[in-house]
Amino acid sequence: MSGILFLLQINSLLCQTTINGNIQTDKNQPVIGANIYFKGTIEGTNSDEQGKFLLSTDLTGDKILVVSCIGYKTHEEPVTLQNDTIELIITISENDVELKEVVVYASTFEAGDKKKSVALNRLDMATNPIGFGDALSVIRTLPGTSNVGDEGGLFVRGGEQNETKTFIDGLMVESPYTAKMPSVPVRGRFSPMLFRGTVFSTGGYSAEYGQALSSVLILNSIDKPEKDETGLSLFFSGVSFNKTKKWEKSSLSASTQYVNMSPLYRIINSNIKWNHEPENFGQMIAYRQKVGKSGLIKILTNFSMDNSGMYYRNLDTRLDDLISLKNNDLFIVSSYKGIIGKEWIVNSGASYNFDNEKIKMNEDNIETTKQSYAFKLALTKPVNEKINLRFGVDLFNKDFSRNYIPLSGNSYSWKYNSPVIAAFIESEIKLFKRISTRIGGRAESVPLSNESYISPRFSLAYKTSINSQMSLGYGSFSEQPLNEYLAYNNKLKTEQADHFIINYQVTKESRIFRIEAYYKKYDRLIKYDSLYAIAPEAFNNNGSGYAKGIDLFYRDSKSIKNGDFWISYSLIDSKRNYKDYSFEHSPFFLSTHNLSLVYKHYISKTDSYISAGYEFSSGRPYINPNISYSEMKRTKSYNNLSLSIFQFTEIFGKFTMIYAQVTNILGSENIFGYRYANHPDEYGVYESEPVIPVSRRFYLVGLFVSFTGKPEI
Amino acid sequence: MKKILLIALVLLIAHKTPGSDTLYYSILRNSIELAYKDYKLENYRQLANCSERILLVYKNEWLPYYYEAYAYINMGFIETNEGDREMYCGRAQNLLDEAFKIKPDECEIYVLQSMLYYARMSISPMINGPIYLPKAASALNDAEKLDPGNPRIYYLRGKSIMNTPKFFGGGKEAAIPIFDKALNVYKSFKPKSIIHPFWGEEDALRLYNECKTDLPGQNSDKQPDKKE
Chain A
208 MSGILFLLQI NSLLCQTTIN GNIQTDKNQP VIGANIYFKG TIEGTNSDEQ
258 GKFLLSTDLT GDKILVVSCI GYKTHEEPVT LQNDTIELII TISENDVELK
308 EVVVYASTFE AGDKKKSVAL NRLDMATNPI GFGDALSVIR TLPGTSNVGD
358 EGGLFVRGGE QNETKTFIDG LMVESPYTAK MPSVPVRGRF SPMLFRGTVF
408 STGGYSAEYG QALSSVLILN SIDKPEKDET GLSLFFSGVS FNKTKKWEKS
458 SLSASTQYVN MSPLYRIINS NIKWNHEPEN FGQMIAYRQK VGKSGLIKIL
508 TNFSMDNSGM YYRNLDTRLD DLISLKNNDL FIVSSYKGII GKEWIVNSGA
558 SYNFDNEKIK MNEDNIETTK QSYAFKLALT KPVNEKINLR FGVDLFNKDF
608 SRNYIPLSGN SYSWKYNSPV IAAFIESEIK LFKRISTRIG GRAESVPLSN
658 ESYISPRFSL AYKTSINSQM SLGYGSFSEQ PLNEYLAYNN KLKTEQADHF
708 IINYQVTKES RIFRIEAYYK KYDRLIKYDS LYAIAPEAFN NNGSGYAKGI
758 DLFYRDSKSI KNGDFWISYS LIDSKRNYKD YSFEHSPFFL STHNLSLVYK
808 HYISKTDSYI SAGYEFSSGR PYINPNISYS EMKRTKSYNN LSLSIFQFTE
858 IFGKFTMIYA QVTNILGSEN IFGYRYANHP DEYGVYESEP VIPVSRRFYL
908 VGLFVSFTGK PEI
Chain B
12 MKKILLIALV LLIAHKTPGS DTLYYSILRN SIELAYKDYK LENYRQLANC
62 SERILLVYKN EWLPYYYEAY AYINMGFIET NEGDREMYCG RAQNLLDEAF
112 KIKPDECEIY VLQSMLYYAR MSISPMINGP IYLPKAASAL NDAEKLDPGN
162 PRIYYLRGKS IMNTPKFFGG GKEAAIPIFD KALNVYKSFK PKSIIHPFWG
212 EEDALRLYNE CKTDLPGQNS DKQPDKKE
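Heads up: the sequence lines are chains A and B, in that order.
For the working numbering, add 207 to where a residue sits in the first sequence, where the first one is 1.
For the working numbering, add 11 to where a residue sits in the second sequence, where the first one is 1.
No lab work stands behind these hints, which were simulated from the structure alone.
Glycine included, every Cβ here is placed at the ideal spot set by N, Cα and C.
Watch out, some of these pointers could steer you wrong.
Cut-off 20 angstroms, straight-line C-alpha distance, at most; resulting in silico cross-link-like pairs (DMTMM-like, lysine to aspartate or glutamate) [as the list claims (entries may be wrong)]: (1) B/146 - A/436; (2) A/715 - B/116; (3) B/48 - A/255; (4) B/48 - A/256; (5) A/812 - B/221; (6) B/51 - A/592; (7) A/765 - B/93; (8) A/431 - B/221; (9) B/51 - B/153; (10) A/533 - A/436; (11) B/170 - A/255; (12) B/51 - B/214; (13) A/497 - A/430; (14) A/715 - B/90; (15) A/280 - B/97; (16) A/549 - A/592; (17) A/453 - B/153; (18) A/456 - B/116; (19) B/183 - A/814; (20) B/51 - B/90; (21) A/577 - A/436; (22) A/497 - B/97; (23) A/765 - B/153.
For the chain B half of the interface with chain A, some residues (derived, Cβ under 10 angstroms), not all of them [claimed, not checked]: (24) 35; (25) 41; (26) 65; (27) 69; (28) 83; (29) 86; (30) 89; (31) 98; (32) 114; (33) 115; (34) 116; (35) 118; (36) 202.
Chain B residues, not near chain A, derived (Cβ > 10 angstroms throughout) [unchecked claim]: (37) 95; (38) 146; (39) 205.
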């Protein structure tokens, strides 16, 4: 070794300090791979497998030694460097178990792609084996919902279909389902594939949403499509075409659909005698435009036209009534979201809904027109790291008119106009490291019934460990009575419900388990003398009821290779005295036990996806007037095993998906209930008929071709 | 002997003092080489730590952010504990966000972003696949627009297609031409400095051969033209 070099460096050597240290956790475990360095310099080292490190430096004086490691709190240790050896034992503690950015409150299911914790993703929606042709049926595989096959829609925790409200881009949709024909379930008008984030709340939801007694389904349309797309879908009973075009700051999507069930009903037996098989035309257009740095304007338009006619047996006349339906529905929603100033997040929007329904029953005409518009403005501001404030106003105005024009005799006309003005405020507060709460309220004013009220809402989430949490929810909810009732009696007050919820959830390694118990109390439900009453005084707010139950959900995409499944089970007890009930009993749509199981499997060899869905519901209550008006009977239980196969291939070099779906493979003879004649016949017997599915089994075969490569799912 | 080591160390430390922007290059380069030597967790951990120390001092340089993110993404692939994998991916995303702020049009950051989506996807393919696969592909497309001469774009695209079920238009057969392109671009690629990204070539070749081997009726020995 050269003496000169030694001399040159001797000065440095004399000034050297060595730190000999050990990094450990507060439980005396070594911390491996911690970063140890002098603040403000790049001099540093790592701790080894035993948590030990050795750091030599020619720095002198008072310095700060920083110890940082991902998952741990950063530690700063003041040291005095004076050319000696320092022995250090540094204890660092793990990061606090903190609630993640977004807290999952009780009764909320998220679908879409926002977070990993979502219960359902878009692929689930695309490959849903249950619910032939109904876009929203995948939601019915979540707990808390009842399978009501003759009505369709979402019946949540003992609530009627109208107690679940649908919101698109923050605004309420007055007619989210297709028009109702007897024994034919309604379907969702909007395809879930249009939406990027779907939130389904089965109770206790945010003060931002009102006019829903039981549940809200919140759909947020796509902000920014990933790429240009052109696709054609051909299936046995229809055709649809969709196209998306992207520009730098804007994008446009359109889809057109035509469905005609006539060919299918020529092959499979329908339990309905059709005069005109259901026919549907739908047109959707969505436009998005970026404005400024962070603003986004979205306009979504959906138009649908439905046409059908059937012979429906009249149990009193014992003749077939000819019922035909023509429905036109237009929904337009435009929304803006952006940031004003530094931290005000603005969400605003306006919507318009026009729905016209012409029903012809033999020679009588019933025409119903609903027109509604809504405005909304919501502002969110993070007050500090722990408090987040959200408040806003909304207005929902509805015009309803119904004209009944019989072939002979008097015509009737009912109409009303009702605005609902609301303001809400809500704050999310991180009380402690593990506890977060959402507290707020909604004030609503309903001039039609001369009411103003405040609905408090409260949620609390407690993180029991990194993977699990417990939450509580409470809320008071109000909803205007159904259009039909309000049209007969304008003075009816809003219906009311209170929700109490307790929830526990574990999410770990692609498995989600949750259990939830709830109690709901209903008040001021609408009661009337008889189904055929039209006199205003026949309707009142004297109804009441309750619902209580337990919901279970388990999803596992880890345990089975290439397999993924979820199970939902709901146990419910609910009684009501409303409508024309003569005593308090379970509503006719209610099954005590509801189970659904979805299993999906990817077969890499053949490049196909198989999904199977099984639904079970215990018998639904009914009253047989031939036996007793006060005795509840139950139908036999409902069973449905459905199977779907998706085969991915190429046709003429284009990405193609071929699919086939069969419902009710086991061929169960399902009965939803019974209907009875209004009057007994000459022998004193009420003629009856079971209410059964439109068809015992459905088949769907189709293919989807994408002209722009594999589509985004 | 000990003294020699000490002197060497001191010499090294003497050069570490901030001032010249390129002074950290050799330290970072050593750390990168150590990581490449063996695909082990601790090697990437030291790269993450080394990058972090540098980025805290050289706040306006994108490469230290890039390498720390790169290290955490790789740790995300190596680690088996799901919670840790998520934590590493989360950290990597924060670092990439910072890197984008410093150099928004840097092709390499987009490439790494794509790799991060891929890492997230691999945590739970059944659930995350449909979410992150399109994002990963879109990030690579953005990268290609910025610099089509970056071979890592084609390497990652090939890897993604290779591991994508045929279901979504992937498979080994579909990946071959893309790896082929990657290897050709690697041939003409010259990193801008000793610490600019240069990874991926060996893996691309390995995966290319793997795809070829599995192809029925193909000669598995066939390899693309070697570098001259």
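We went through each hint and held it up to the structure:
no.: 1; hint: B/146 - A/436; verdict: holds, 15 angstroms
no.: 2; hint: A/715 - B/116; verdict: violated, 37 angstroms
no.: 3; hint: B/48 - A/255; verdict: holds, 18 angstroms
no.: 4; hint: B/48 - A/256; verdict: holds, 19 angstroms
no.: 5; hint: A/812 - B/221; verdict: holds, 18 angstroms
no.: 6; hint: B/51 - A/592; verdict: violated, 37 angstroms
no.: 7; hint: A/765 - B/93; verdict: holds, 11 angstroms
no.: 8; hint: A/431 - B/221; verdict: violated, 37 angstroms
no.: 9; hint: B/51 - B/153; verdict: violated, 30 angstroms
no.: 10; hint: A/533 - A/436; verdict: violated, 33 angstroms
no.: 11; hint: B/170 - A/255; verdict: violated, 33 angstroms
no.: 12; hint: B/51 - B/214; verdict: holds, 15 angstroms
no.: 13; hint: A/497 - A/430; verdict: holds, 9 angstroms
no.: 14; hint: A/715 - B/90; verdict: holds, 16 angstroms
no.: 15; hint: A/280 - B/97; verdict: holds, 18 angstroms
no.: 16; hint: A/549 - A/592; verdict: holds, 15 angstroms
no.: 17; hint: A/453 - B/153; verdict: holds, 14 angstroms
no.: 18; hint: A/456 - B/116; verdict: holds, 18 angstroms
no.: 19; hint: B/183 - A/814; verdict: holds, 13 angstroms
no.: 20; hint: B/51 - B/90; verdict: holds, 9 angstroms
no.: 21; hint: A/577 - A/436; verdict: violated, 35 angstroms
no.: 22; hint: A/497 - B/97; verdict: violated, 31 angstroms
no.: 23; hint: A/765 - B/153; verdict: violated, 32 angstroms
no.: 24; hint: 35; verdict: holds, 6 angstroms
no.: 25; hint: 41; verdict: violated, 13 angstroms
no.: 26; hint: 65; verdict: holds, 5 angstroms
no.: 27; hint: 69; verdict: holds, 8 angstroms
no.: 28; hint: 83; verdict: holds, 8 angstroms
no.: 29; hint: 86; verdict: holds, 9 angstroms
no.: 30; hint: 89; verdict: violated, 12 angstroms
no.: 31; hint: 98; verdict: holds, 6 angstroms
no.: 32; hint: 114; verdict: violated, 19 angstroms
no.: 33; hint: 115; verdict: violated, 14 angstroms
no.: 34; hint: 116; verdict: violated, 15 angstroms
no.: 35; hint: 118; verdict: violated, 19 angstroms
no.: 36; hint: 202; verdict: violated, 22 angstroms
no.: 37; hint: 95; verdict: violated, 8 angstroms
no.: 38; hint: 146; verdict: violated, 8 angstroms
no.: 39; hint: 205; verdict: holds, 17 angstroms
In summary, the structure is inconsistent with hints 2, 6, 8, 9, 10, 11, 21, 22, 23, 25, 30, 32, 33, 34, 35, 36, 37 and 38 from the numbered list given earlier, while agreeing with the others.
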